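Peer 1: Throw the hints in and build the complete structure from the sequences for me.
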Amino acid sequence: MNPGIALAATAHHPGFLSPTGVEITFVLVGLATLGAALLTVTTRQLVHAALWLVVALGGLAVEYLLLTAEFIAWVQVLIYVGSVVVLLLFGLMLTRAPIGRSPDADSGNRWVALGVAGAAAVTLVWVVVDAFRATWINLHGAVQGTSRATGTSLFRHWVLPFEALSVLLLAALVGAIVLSRRDDGGRGSE
Amino acid sequence: MTLTALAALVPLLPFLGAAAGLLLGRTAPGFVRPLAVLPTAACLVVAAVVAARQGTGAPTDAAHRLATTGSVPIDLSLHLDGFSVLIAVLVGLVATCVQVYSLSYLRDDPRYPSYAALVSLFTAAMLLVVYTGDLMVLLVGWEVMGICSYFLVGHYWETETARAASIKAFLVTKLGDVPFLIGVFALASDAGTFRINGILAAAGEGRLHHPTVIALLLLAGVAGKSAQFPLHTWLPDAMAGPTPVSALIHAATMVAAGIYLVARLLPVFTASAAALAVLAAMAAVTMIGSGLAALAQDDIKRVLAYSTMGQLGYMAGALAVGDRDAAVFHLLSHGAFKALLFLGAGVVIHAAGTNSLTAMSRMGGMGRRIPDALWTMGLALAALAALPPLSGFFSKESVLRAAEHASAGHTAHVPSAVGWTVLVAGLAAAVLTGAYATRLFLLAFRGSGPEVPDHGRQPATMTTVLWVLALPTVAFGGLAYRELPDWFGGTGHDGLGPVLLTSILGTGLAVVGVLAAYGAWQGTAAIRRAAPFGAVVAEPADAEPALVEAEAMATHEAVYGDIASAEDPGDPGRLLLGPLHRPAAHGFHLDAVYSVVFVRPVLAAASLVRFLDRDVVETYVKAAGGTPGLLGAAVRKAQTGNVQTYLGALLAGAVVLAVLVAVGT
Amino acid sequence: MPSLVQSVDWVALTPVVIPAALALAVLVADLFLPPARKALLGWLTAAGLLAAGLTLIPLRDGHRSTFCQTPGASCSYAADHFALVIQALVLGGALLTALLSLATGTTDATDELPGGEYWFLLLSSAAGGALLPASRDLITLVVALEVTTLPAFALVALRRGDRLASEAALKFFLSSVVATAVSLLGISFVYAATGTVNLAGVAHGLTTAPGQLEHLAKAGVALTLVGFAFKLAAAPFHFWVPDTYAGAPLPVAAYLSVVGKSAGFSGLILLTVIAFRPYDDVWGPALGVLAALTMTVGNVGALRQRPGADRSAVRLLAWSSIGQAGYLLVPMAAAASAADPAHEIGTTVAYALMYGVVNLGAFAVAALVTRGAPRGRLTDYRGLYARRPAAALALAFFLLCLAGLPPGVIGLFAKVAVFSSAVGAQHGWLAVIMAVNVVIALVYYVRWTALLFTRTEADAAPAGLAPAAEGPSATGPAAVQGPAAAAGTPVALAVAIALTAVAGIALSGAPQLVLRYAQGTLL
Amino acid sequence: MHLAYPAVLAALLFCTGIYGVLARRNAILVLMSVELMLNAVNLNLVAFDVWLRDTLHAGQALTLFTITIAAAEIGLGLAIVLLVYRNRGSSDIDRLTALADPAGPGTGGPADPGAGADQDEPGATAGDEKAEATA
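Residue numbers (this note's numbering), protein chains in the order written: chain L, 3 to 192; chain W, 5 to 669; chain Z, 87 to 609; chain G, 27 to 161.
Hints listed in this document are in silico derivations from the structure and should not be mistaken for laboratory results. Hints are not guaranteed to be accurate.
[Claimed, not checked] Computed spacing ranges between beta-carbons, pair by pair:
| id | chain 1 | residue 1 | chain 2 | residue 2 | range |
| --- | --- | --- | --- | --- | --- |
| 1 | Z | Gly-595 | L | Leu-96 | 55 to 65 Å |
| 2 | W | Ala-205 | Z | Gly-595 | 28 to 38 Å |
| 3 | Z | Thr-294 | L | Leu-30 | 33 to 43 Å |
| 4 | Z | Arg-602 | W | Val-428 | 51 to 61 Å |
| 5 | Z | Ala-596 | W | Ala-56 | 29 to 39 Å |
| 6 | W | Leu-28 | Z | Gly-595 | 20 to 30 Å |
| 7 | Z | Gln-298 | L | Leu-80 | 36 to 46 Å |
| 8 | Z | Pro-475 | L | Leu-96 | 43 to 53 Å |
| 9 | G | Gly-115 | Z | Asp-147 | 54 to 64 Å |
| 10 | Z | Ala-596 | L | Trp-76 | 52 to 62 Å |
| 11 | L | Val-88 | Z | Gln-298 | 42 to 52 Å |
[To be verified] From chain W, some residues computed to sit far from chain G (all C-beta separations above 10 Å):
| id | residue |
| --- | --- |
| 12 | Gly-34 |
| 13 | Arg-57 |
| 14 | Gly-196 |
| 15 | His-214 |
| 16 | Val-217 |
| 17 | Leu-220 |
| 18 | Leu-270 |
| 19 | Gly-413 |
| 20 | Leu-446 |
| 21 | Ser-452 |
| 22 | Gly-482 |
| 23 | Ala-529 |
| 24 | Gln-648 |
| 25 | Gly-652 |
Everything numeric in this text was worked out from a predicted model, so none of it was measured. Beta carbons: idealized from backbone N, C-alpha and C, even for Gly.
Peer 2: See below:
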């Protein structure tokens, strides 16, 4: 797939631009997602942070749907909203995170953080805008992200990383179990 | 046995001796002494056999391809010619003498096993440098010598002086070794080989692209190892090591390595007139400066140290005028008499109980107490001052003659200004050499005052060695100057024998120096009688010589307020030098300059990293150890968000990288 | 219609499959083995890693590749010479780590590492490390990197009761995850600019990418390199290294210092030399600057390590490993301007092989000493020669190899190879900085070596009295070390030290064994 | 659709994640911020995949793998945070010491009690002095 061809193609057919409705939806959902993300990293209530994270991740799932990547969208909902956030909430509970406002949710170097994040934002946005200021995605035609298309490509082209990933998941599972197991009587050799 | 196998045996014997000495030092103390002396002595014999068999024949080369590193291959190769076999004999001779001498000198030292092993290792490394035909292997020996000298100079580990001196020796020579390393690599990549023969061929055909840069880089390393200005400052301080070590380092091994290297690679240097000019300037400054400094020193060993620098200056001067025969000739004869002088100084320090010339000048009867040292050192000092017909006369004469030849513009590749520089500096240094040699002799052996306290009889091993070394001091020069050009492949201009003009000039000036010093000594005799001076280490009758020396060094600064000089109005050197005396005594304050230029920036950089590591990172661990009470609020503040500090650096680094790459290029 | 699933060449995959399969087997076997015989698992692991290493031999032609999109073109897995050499390094490193762990696990009951899970995690990580150098597309590369790293977090934290270990794991984890995220962002940019994730395809795509995407592609290249530079511990991505090594169990620190680094530099090599080849004017200077910064920071940091501080030995090794990482980067920087970059990176591979052998050896001796002196200070090594002559001589040899001094000839030659690659690439400034660094490094390596042969005050007295003075040595400061020194060396540890020492000496005798990689073309 | 929309959104989300990683005190909140960073990458990948019409679906495949990796990382990361919490009694990554429990079950390793005290000792051995002098 050569982006040069894609660029040329889009330049030749300005009439195939996506309908503005999708764009408007995308921007609105995007703003909501970004807002939720900002609240996640700034709220002083720890549990709220997890909930705002759900909103942000859910917003991303909607964006995936708008980009016609439906399979990814469902996986996003299932794995992130369904399990990761639940895990995080469990974590907050187990570490007895305070419910309600905690005045010290931020560490001392928020200004450093702001500086680095700001510099990164300026750089990345500039790079991205510079590259894509005249590029359109063609959302018509075959849907790019159906479950069938994605699944087929996964098993036809990406078998090796897929199998490596199973090792990774198993290792993470075993590691997590070993680390969180209490010492009392868990092992016979002690 | 083939010649190459024999030659390979020469560095191998002391190396094996060192390894066995280190391994058996603890378990079998009885073997330590034989293991120190016998391999070295055997190596002397083998080296002599190799020299006899190699003789004046064509150079012998043998090589074994050791490794191919990327572009330039490395060989384990031998190169035997007149230069290398003769220097190897000298190294073997001095090393054997030093090992025998150390038997008595360090007889009770608990660290003798490691000391002897290091001396053997040092010898092996120098022999490797001498025999090898490959720059890479030469570099190995070069580095090993550096490390060994670091440990040997720091032998009296308990004293602050020795610790400082050993580190200084290490760092200052390293300062030269960095450019040297770069120079070697540049040379090898220019010539396409590490083999010295190949490099010389390349230099001969003019295939070196940057001869000046390479030669100057190499010169930095040579200046460090051979103690030439401005990297000479480690050498006087290295006197903090035991006297036999000084003899070894100064006479035949470490300092000679630099000269030997330039002699081997001389075509590389003659390819660049600028490098020759720098070498000549370096040699001239070293010769005169060291002569002045030697005249002002109070410590007998420091006088000798500065004199070594001066004599090395003569050799460097000979190389600057393109005459390596003369340089190596002087290297050989100097090796013999300088080893003798240092070993003799050890005897003197043991007998007098002090290393201070001022204190010795207030003692009577030193000559009667140690007649062996009186006679042998007298001869060696005369050789140092280049009085005929001793060895030093012939070899120094050959240097002056080469300089005169070049100053007249008769030497190819060498500008006549270079010749003039070396000639004038050499003649001036001849006066100074005569003066400080005389001053040393008169102050040490012709003092007047209370009888020298008895420190016991000098062990026979120590005095015998002096007489062994006295033989070449007297006879080598006169016997060898006709033969040597054949050994050196007949490349010299027209022999090494003395010629009338420079002989008369050189000898005359030396005599002037001698007479001036004698006159000054006579002139200050009254002051010396009037001002009793000195502190003598009162040791029990048969203390170990090394112990006496260590105490003398340790107390010198306390008694005289300075490591180098003493406030003695009766010193003839003070009269001769006048206002120059104080700066000369302190080596013209070069150390202070170095401290500002090199030491402080390094310290600053190190403490910055130390702050990052210790005060930021370790505080974190420290606090993790559960001692919050000990840590003030400030520390806690500094440690806040530590992982985030790491992450901040990581992300900031990534952003900077991205910006630089995306925008900057 | 082609078959749904790619065809697989299992023979080429054996070096990866054996550790992964063995990991599962060990996990299952752990359930059925009685506690008294858990040590068998360790030996099983070691044997399996050895077997995996032996399967490299039939592959040595280096022509196999598998998981291809279309037959013969753009494969995900290539068992070429480069992959095989790095796999040998990874599997050997893991094998020695296993031997070290066997010895450490049995020191005393409180410190015992969990049995089956430990070996499982080690083997999965090794499988990832073996997969990484053979990966030929960005997706496999990232997944392999994660497979290598993720079990390592758990390994670091595995001493559950040790608060320092868990803290080290947290720092390691956070730094690594952030670095991975940055790297993934870079990969997404590269993907956008080239339209493919296959490494060779990326190289092609970068040359044909339209001009407006150039900045995006360059930023992507820079960000992608970050994740791998992090694993290699290049400054300024090195901060986790001293903390993590000091807090981790010693065998795990050894593992990270060799296998983790090999993952980092092999990834960097694959990315730069294959994928980002058209942008060599971008990453060449960047890697050069990183190399200079890394070696300087590492060596100066090591120089100021206080010998009396706790865990200073491992900390020193950590800083020294940062310094060595800087040397590893030099030939890569040189490869940018070389006509044949594959030739230059061979020098990195040769240097890494030397470093792997020698560094593991140093860690093995450190493990031995730490058994007797759990605080792991540098001062605990004083007079080691008097107590354990063989171990002291081995450590001295390893340190001299790292310093590049004889008799560590291989260290010297590897450094020379790196030097000549820098000089050959006209990177004179880099050679100068490296020379200065080599000299700085001499100071602390030689200082440590000297410490081994210095007598302690406590040792000096009994040694003077009687050769076999066990009574007096139990008094004074030596009392702490006395009984431990008397305790025997575990078999596994002795084997590990002997293996590395023999390998180091063999390489010193015949340096061409590894230096020939500096000549041939690996990729 | 304009490709700049998803790309800019991804860049901003990524930087939001960076801010959270650097500014948050609770380790679990830091983990959430890491999630944001990874999700930003995913959005990028999906958008580029759709834009490129990649027949191999490399972008989406990598997205799926990233989601899985993120899940695995979160699981293991939480286990580590819980371990730290058990050993220290706090999951604040910068204030672990304030709430540290020296007598807790986690004071393993004989190195621990001395770790703080030893740092304060002046290095009195010869090795130390040499170290100072060398540097």
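Peer 1: Confirm or reject each hint.
Peer 2: Hints, verified against the model:
1. Z:Gly-595 to L:Leu-96: 55 to 65 Å: holds, 57 Å
2. W:Ala-205 to Z:Gly-595: 28 to 38 Å: Given a distance of about 30 Å, which is inside 28 to 38 Å, the answer is holds.
3. Z:Thr-294 to L:Leu-30: 33 to 43 Å: holds, 37 Å
4. Z:Arg-602 to W:Val-428: 51 to 61 Å: holds, 55 Å
5. Z:Ala-596 to W:Ala-56: 29 to 39 Å: Distance hint for Z:Ala-596, W:Ala-56 holds at roughly 35 Å.
6. W:Leu-28 to Z:Gly-595: 20 to 30 Å: holds, 24 Å
7. Z:Gln-298 to L:Leu-80: 36 to 46 Å: Cβ of Z:Gln-298 to Cβ of L:Leu-80: about 37 Å, so the range 36 to 46 Å holds.
8. Z:Pro-475 to L:Leu-96: 43 to 53 Å: Given about 52 Å between the Cβ atoms, the range holds.
9. G:Gly-115 to Z:Asp-147: 54 to 64 Å: holds, 58 Å
10. Z:Ala-596 to L:Trp-76: 52 to 62 Å: holds, 59 Å
11. L:Val-88 to Z:Gln-298: 42 to 52 Å: Once the Cβ atoms are compared, 43 Å apart, the range 42 to 52 Å for Z:Gln-298 and L:Val-88 holds.
12. Gly-34: Nearest chain G Cβ is 29 Å from W:Gly-34, so the label holds.
13. Arg-57: W:Arg-57 is indeed farther than 10 Å from all Cβ atoms of chain G, at 46 Å.
14. Gly-196: Consistent with the label, W:Gly-196 stays out of reach of chain G, its closest Cβ about 38 Å off (over 10 Å).
15. His-214: Per Cβ check, W:His-214 is outside 10 Å of chain G; nearest 34 Å; holds.
16. Val-217: holds, 31 Å
17. Leu-220: holds, 28 Å
18. Leu-270: holds, 36 Å
19. Gly-413: holds, 49 Å
20. Leu-446: Check passes; 38 Å lies beyond 10 Å.
21. Ser-452: Answer for W:Ser-452: holds, closest chain G Cβ roughly 42 Å.
22. Gly-482: About 48 Å separates W:Gly-482 from the closest Cβ of chain G, which puts it past 10 Å; holds.
23. Ala-529: Nearest chain G Cβ is 43 Å from W:Ala-529, so the label holds.
24. Gln-648: Violated, because the least Cβ-Cβ distance between W:Gln-648 and chain G comes to about 5 Å, which does not exceed 10 Å.
25. Gly-652: violated, 5 Å
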